[in-house]
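From first to last, the protein sequence lines stand for chains A and B.
Quick note: the first sequence uses numbering that gives the first Met the number 0, first residue 0, plus one each step.
Quick note: the second sequence uses numbering that gives the first Met the number 0, first residue 0, plus one each step.
None of these hints come from the bench; they were simulated from the model.
Careful, some of the hints might be misleading.
When chains are identical, the list treats them as one kind, so a pair holds in a single copy or across two.
Claimed, not checked - Mimicking DMTMM-like on lysine to aspartate or glutamate, the simulated pairs with C-alpha atoms at most 20 Å apart in a straight line are:
1) LYS161 <-> GLU22
2) LYS166 <-> GLU22
3) LYS122 <-> ASP134
4) LYS268 <-> GLU195
5) LYS122 <-> ASP135
6) LYS95 <-> GLU10
2 protein chains.
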Amino acid sequence: MMNDLIKLIDENLDKFLPIEYPEELFKSMRYTVLLEGKRLRPVLCLEICRCLGGKIEDALPTACAIEMLHAQTLIHDDLPCMDNDDFRRGKPSNHKVFGEATAVLAGDALISYAAQVILRNSKNLPADVLLQLLDDFCTAAGARGVIAGQVVDIEAEGHPEKHCAEKLDFIHEHKTGDLFKLAIVSGARIAGGSCEQIEDAKKFARDFGLAFQIADDILDVVSDFETMGKTLGKDAQSGKLTYVTMYGLDNAKCKLSCLLDSCDVIINKYNSEILREIVKGIRKRVGI
Amino acid sequence: MMNDLIKLIDENLDKFLPIEYPEELFKSMRYTVLLEGKRLRPVLCLEICRCLGGKIEDALPTACAIEMLHAQTLIHDDLPCMDNDDFRRGKPSNHKVFGEATAVLAGDALISYAAQVILRNSKNLPADVLLQLLDDFCTAAGARGVIAGQVVDIEAEGHPEKHCAEKLDFIHEHKTGDLFKLAIVSGARIAGGSCEQIEDAKKFARDFGLAFQIADDILDVVSDFETMGKTLGKDAQSGKLTYVTMYGLDNAKCKLSCLLDSCDVIINKYNSEILREIVKGIRKRVGI
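Generate the whole structure from the sequences, applying the supplied hints.
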């Protein structure tokens with residue numbers, strides 16, 4: 000059932016992003032968007048929408064747009080002037096294939112392209128819901144969202160004297176959390192969720208986003224390239240501020256376990272097998 | 000009167016983009032947005048709106064958003080992996096002041112920030128006009144707009160064997176033309192312009208955008224750093240495809256003159272002193 004959703008998302012990503020002129024630009028955009036992946040954000044968006052009584056078709060454009068936005072952050076994160084990473088999901092990163100200039104432009108293009116996918120394919124949603132989705136999208140994509148997290152992350156790197164718990168929280172909330180929040184809350188909005196349901200979704204998104212990032216921090220220490228498909232062990236090496244460098248591996252695992260328990264409480268309300276599977280998958284990979 | 004508009008735009012750019020946390024990011028965004036400039040795109044947006052009977056206040060958010068988007072293109076164009084330009088409007092370019100990583104992120108952030116300025120400050124426009132403005136904005140900002148032009152421009156550079164008139168038209172239409180078109184057509188839409196008025200605006204935008212780019216191509220050959228505030232003479236040096244390299248200086252001047260005559264026809268309809276002043280300014284700088 001999880002695989003059915005992933006297949007549906009992959010088909011729609013392909014459909015929403017056909018090759019146009021200039022081909023090289025669209026190929027570069029498609030390259031990272033269509034890299035095989037877990038599609039966690041769009042899956043969450045669709046599944047929350049379904050759990051709250053919405054139609055999956057109504058959420059598909061937004062779910063795909065969020066995955067495109069996610070791809071944008073990956074392309075720019077991997078650039079030589081940022082994390083300088085040559086691999087992503089086990090494949091050469093975008094700028095290694097298309098060159099830096101095209102990678103910068105493909106990332107730029109994905110931001111407005113993704114917003115337009117929502118705009119043009121959500122005409123059956125009430126105008127106020129559509130405008131709210133776009134506003135949420137802009138917030139998550141921008142200077143008050145993932146980019147804020149990324150900037151503080153870069154500032155903290157190699158400056159352990161500036162590391163503190165508040166900064167770590169800020170990085171996690173925005174750099175990773177905001178796209179999960181966008182996916183989950185958008186799903187609830189598209190389903191026409193009540194205020195209470197939107198608040199539940201926000202709480203679930205906060206816990207899940209933080210859990211995901213802590214798991215990522217742990218896996219950077221304990222996993223290998225083959226499993227993760229990207230260069231690992233870089234966090235400690237480069238003096239990055241992570242949950243593990245701040246609190247140690249055992250405390251990180253303990254915090255992660257608590258957060259996932261908290262996710263399970265809301266998942267039981269939703270009664271969603273797919274969400275249970277996702278949380279179980281995180282526990283398994285981290286070994287808790 | 001032109002200066003009053005510029006002052007109004009500068010005040011509103013400052014107002015719409017206050018410094019928030021993380022400060023370095025917002026400082027970088029503001030640095031290029033607030034660089035002293037002619038504010039041609041927002042001026043056109045406001046003035047067309049006024050000419051068609053709209054309120055200038057209604058167009059201010061969109062006019063400022065378009066200037067922010069313009070700043071985004073400048074920041075990324077100047078990057079070492081793109082045009083590698085150390086100066087912009089006579090000042091060090093964004094990445095020279097804030098570093099490449101922040102410059103990439105500030106550019107990224109401006110795209111969604113600008114869209115949100117429109118979204119959050121245009122509530123008194125009808126929802127269908129607002130959604131159309133956002134759709135136009137996304138088209139101009141993205142893979143079917145300025146970025147398409149930029150990619151083809153980069154592809155053509157240093158490959159004179161691939162230069163052709165169609166490619167030059169495409170670059171000019173999108174790389175420069177699309178933001179002028181966005182500014183002018185948005186002004187007409189915000190004023191509630193009729194279909195005929197929107198079509199007039201599109202024709203004016205096409206002619207004006209092309210005229211502006213040809214003037215820029217000419218000035219790269221005949222002007223100096225002090226007047227233009229950026230590195231000049233680079234087009235021929237780097238084998239760039241421009242109107243001058245394709246048709247020669249005299250033909251470029253002749254074409255420019257024709258286009259400006261054509262602009263004047265529509266400007267007479269609008270009966271706008273400000274638009275007349277702008278066109279006269281271009282003639283004067285190029286010496287035709």
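Discussion item. Hint by hint, where does the structure go against what was stated? Just the numbers, ascending.
Written reply: 6
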